[in-house]
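Start from the sequences and build out the full structure, keeping to the hints where you can.
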Amino acid sequence: MVEITIRKRQREEEIQPQKKFFRKTRKGRVIKVLRERYLRDDIGCGVRLCPICASPPFTGQSPSLPVQGTPHPSFPAGHHLLPDTNALLHQIDLFEHPSFQSSLILLQTVMDEVRHRSLPLYNRVRNLVRNADEWVKGGAWVFWNEFREETAVGRKEGESANDMNDRAIRTAAAWYASHIGLAHAASSPAPTVLLLTDDTASRQLASALSIPALSVRAYVAGLPNANELGDVLAAPGRVEDKEATERRAIYDEYLPAGTLDAGVAGGKLYEGRFNPNQYNYLEGFINSAALVRPILVIGRRDLNRAVAGDLVVVELYPESEWKAPGDEVVDQDLTLAADDADDSDGEEGGEAEHRLAAQEERDARDVGKRNPLEKHPTGRVVGIRKRNWRAYICHLDPSTLSSSATTSQSQQVVFATPVSPNLPRIRLRTRQAPQLVHQKIVVSIDKWDVDSRYPEGHFVRALGQVGSKEAEQESLLLEWEVPYRAFGRAILDCLPKEGDAWVVPPKTEDSIVWRDREDLREMIICSIDPPGCQDIDDALHARRLPNGNIEAGVHIADVSHFVLPDNAMDTEAAARGTTVYLVDKRIDMLPSLLGTNLCSLRAHVERLAFSVIWELTPEAKIINVRFTKSVIASKAAFTYKEAQTRKDNLALTDPVSESIRLLNALAKKLRAARMAAGALNLASPEVRIQMESPESSDPVDVEQKEQLETNSLVEEFMLLANISVAAKIQETFPQTAVLRRHQPPPASNFELLEDVLLKRKGMKLDISSSGALANSLDTCVIADEPDFNILVRIMATRCMRPAEYFCAGSVSRETFGHYGLASPIYTHFTSPIRRFADVLVHRQLAAAINYTPLHASLHSRQHMERILNGVNRRHRMAQNASRASLEFFVAVALKGRAEREGAPAREKAFIIRAFRNGVAVFVSKLGLEGLVTFKREINFDPELYSVKVPSATGEVTLSVFDEVDVEISIEKDVNTQRGRVIE
Amino acid sequence: MSRFEPLNAGNLRSDGRRPLELRSFSAELTTHPSADGSASVSHGLTQVTACVYGPREAKNRAQTMHDRALVNIEVEVAPWAGEVRRQRTKGDRRTAEFAASVKATFEPVIQTTLYPRSEIDIHIHVLQLDGGLLQAGINATTLALVDAGIPMLDYVSSLSAGLYHTTAMLDLTNLEESDLPSVTVAVLPRSGKVTLVSMETRLHVDRFEEMFKLAMEGGKVLRGEMDKVVRERTKVLARQMEGGAAQDEDRMETDDL
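Just so you know, the sequences run in chain order V and R. If you're matching positions, the first sequence starts at 1 in UniProt numbering and goes up one per residue. If you're matching positions, the second sequence starts at 1 in UniProt numbering and goes up one per residue.
Calculated directly from the structure, the hints in this document are not laboratory data. On a predicted model such as this, the values are computed, not experimentally measured, just so you know. Possibly wrong hints are sitting among the right ones.
[Claimed, not checked] With the C-beta cut set under 7 Å, the calculated list includes, among others, these residues of chain V facing chain R: (1) I4; (2) T5; (3) I6; (4) R7; (5) K8; (6) I31; (7) E36; (8) R37; (9) W144; (10) Y484; (11) F487; (12) A856; (13) H859.
The beta-carbon is built from N, C-alpha and C at its ideal position, and this holds for glycine as well.
Below, the structure written as structure tokens:
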């Protein structure tokens, strides 16, 4: 038994033991909060070999600070770094840099402030600490200064919170100096504890107390690898000189936070995430909960330094000034090509933009007058609630390199162009410009001042040559924030010890594995998957029962047997959320031993499974359903094609083929019933990249995926299993059940599509319900144009909301429904190897059938909501990453094809949107979307969604839904290195 | 509040305690000489006073029991006790429930059969509140009863325990109580008998036993503290009864050592 003690409060220290502050409630009442604080003497300094703090205060944390990091010429006796909050926040890339080896002391005060300011950054800082033992020379240690007797500080009269924190940091630095001095009394001179701060005032105060302090820049300048590390530093703070004040502000200052709060609360201002228009970088939308229609913001000045994803506050213009979104493609690379990076005013460079902006304004007014329906509430950004800046993948813009300096190592200012088109260019200082020109690089934004046209950032690291597969792959993983690091030791330790050799133990009475498990090894079970599938997570069976009914079963890999709640593997899987499929790579959610071996239901191997078994009438009505853990031995692993041939070959009468036929018959009826209930048959462009051989990853060609009957067989039964499981867990855990829903789309989403279909094709869309939509989509077809029919479905799909996971207790019962599947309740149960939500559902179902008690964490709704939010986000990101990967490979394949044939590829495409100066096209065969811009003057008719293009033979009219031939060439634009489809 | 970290990476709680450390505990007897017995107890910033009147003749005839004494509990929470000033009415349900818990805790421990047809009134005043109301109330009542000289089977000492992820922690503050599942246990430390277990949050059954045992162990530690206070007080009383002068006092103390 651990010792229980009473912490005695020191009466003599009156201020320190208590924290007193005032808090304002939401209603505006002021509350005085009094909290105790117990000060201790057992908080370790973290320095390895420190004789005073010799015994580790707490087993989970062993002193890890080396005596010093990289030697610094100014500190011959070694040194520890003690960064203050701003140094840590702004220079995190430096501290994370692999060649920056330091002995880092992180104060609790600093950590708390970082956490308060930015949670993602806080997590990165925490990773620094966690990875400390992996470092070769460096290390990081959190010192809980606010709980140590000597370093705790109390608020002084009239002192601000910031000042108090700064004082706490200085006190801790001074303590460290004397503490280390004591520890080193016997030996040679003690290492220095260096306060890193970029705040001049703080440095002055520190030197008054004779605490050594340096700015980060000055410190790095003294390091041997200063050149390399110098680039990683954040842009320096504004120098307060005359020139700066004389500069003309391009943007308006943000309103103070208090005004924003009051404005939003009072309904005068609106808050929402900023969403730039992907076709026009000078335009964006903000979806505010308070308004039905998104708020339109037009023009650089009104956008006021908002970057995609920021939480911004907008002020609306009077209704007479409301505008409609422009109908022109505006590409910042072309418009601003002449802009000079060094010149922060950028007046000349902006001329083209001014012209454009003026025109845009005119257009917007015209459109607005013509069609009041298209008018959006229009406003301007007056403040930023929360920046959502992350690291961006960029290219250097070589045209901004000073020509004389293309080879020199001197520092220069260049532009970095983010890969994603709706981000602004970032101004960057670097010494390595010449080396970085043809590379993909990671850049993060530091600040965006009112007098600077562009945000300023710093270089983080280079990923590799543009166009190289490795660099592209890594860049898209980074861009979509897919965690792709190899699984760590702690995670692999959670795997069964036998590794590959793990087998289902023999069936005995007292075997833990066999407890409450059904023995289904004799059952005729088979799996059907795409070719080359390694993670087989589902298998099926069906047989006729003596009473004329049919027993059908879906068997899902029992992942929750291996992934136990609340261990390292579980945490990692929750953080990854889903397996990400790239064209040539799979980023696993679980270590591959589980995914592709122990949990893969391979043929002729005994595997643990979670089975859903129904009794169905021959008309596919469910008589009953039961859930059980089981052991199965799959009899065969088919591809869709093999299964299809088996089924179609009526000469085969073996039990496996029979059961496939039986399943197929049921699946057809299930599908028919689902369609009758109003399920949507949606479509998304599905293409497959054909590789030269499995080993090499050079794509040869692109083809569309084939849909076989057996695909829909598997799909139907998976849907059925998911629905059955959803109902079961919702019944047992009405508060915390993990479910999936698809909310009906708001009618306004369909306005544009409805109008286009009516005007161009005379087709009507009925969106009153999912059933009505399904029916009307069925009538929106042109008999001999299958591609068009698919396109309409794709466009309808895009008007919908994405499906999402949610916790049963967090939304009202009425909104559980799945719109697309027309099912009142739904969840994901069938792919636990590659989706984390399924693992949770498995655990809940296991608890629902009294197999295991439910783990505590699955009882807490807040906890579930937090996990599911993460999973939803990861899911979205994974889809984007897969799509981006596909696009890249399509591009590579097309390039290959063009080279072979000696001519650019030509494909049929449909126009999906018309602009004043171009059209957006969709190539259904390649699942590719592109933009065709015209340099010549063209005639645009927004009413009829068409453009008239003068050509040699006269005017050609191009309208939405017209089929055109497009020539596709992969343009490696010198400046942007972004593949693009052009005519 | 979502960013509140009940236990940080350094294994420290939000107020600098380790998980198994109790808050500063202090107690004083005979704080209200007009009552037959009284005590004031503080756990950290939680401060509770209990006054015992009786055993005395029962006023309420209807409830009088011919074989044992009636235990009445009255609770009053000062309006300024919590963070927000709040005037509680007499029939406040939380207070009534609290009173019922305390009554249930003490009825089997006080030897009521010694005082038939009488009643024992216990008034509990909550002066400051920072979590652990029930434990403080029970501990104060125990000491007040001891002060009043009412026979009991043993001290009743009470302590709350909470759970953060898999770590159990003792003696929760208000901040922790609102965030963590918690259980309050009252024990008779000598016999190890439990007279009260109160739990208002959901807690996983696997973790319950561990927390329960820890709270019991903590109760024993608290009993030691309470015993010390009682012995101090008794010593002072004994001295007063002897009519002891200053020098007597000195002698007694050296005798003790």
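Quiz item: Should the hint that T5(V) touches chain R count as held when the rule is a Cβ pair under 7 Å?
Solution: Check passed: Cβ of T5(V) comes within 5 Å of chain R, closer than 7 Å.
Self-check item: chain R contact restraint on I31(V) - CB to CB distance below 7 Å
Solution: Constraint on I31(V) satisfied, holds at 5 Å.
Quiz prompt | E36(V) as chain R interface residue, shortest Cβ-Cβ below 7 Å | solution = holds, 5 Å
Self-check item: Hinted contact Y484(V) with chain R - closest CB pair below 7 Å
Solution: violated, 25 Å
Practice problem: Using 7 Å as the Cβ threshold, decide whether F487(V) counts as touching chain R. | Solution: This hint is violated: F487(V) lies away from chain R, its Cβ roughly 22 Å from the closest one there, beyond 7 Å.
Quiz item: Is the interface hint for H859(V) satisfied, with its Cβ closer than 7 Å to some Cβ of chain R?
Solution: holds, 6 Å
Quiz prompt | Hint validity - R37(V) Cβ closer than 7 Å to any chain R Cβ | solution = holds, 5 Å
Exercise. Using Cβ atoms only, decide whether W144(V) comes closer than 7 Å to chain R, and label the hint accordingly.
Key: At about 5 Å, which falls below the 7 Å cut-off, the nearest Cβ of chain R leaves the hint on W144(V) intact, so it holds.
Quiz item: Minimum Cβ distance from I6(V) to chain R below 7 Å?
Solution: Holds - the Cβ of I6(V) comes within 7 Å of chain R, reaching about 4 Å at its closest.
Quiz item: Quick one, is the R7(V) hint okay against chain R at 7 Å, beta carbons?
Solution: holds, 5 Å
Practice problem: Using Cβ atoms only, decide whether K8(V) comes closer than 7 Å to chain R, and label the hint accordingly. | Solution: It holds, given that the least Cβ distance between K8(V) and chain R is near 5 Å, below 7 Å.
Self-check item: Proposed interface contact between A856(V) and chain R, which counts if any beta carbon pair is under 7 Å
Solution: Holds: closest Cβ of chain R sits about 3 Å from A856(V), inside 7 Å.
Consistency with the previously given hints fails for numbers 10, 11, ordered from lowest to highest.
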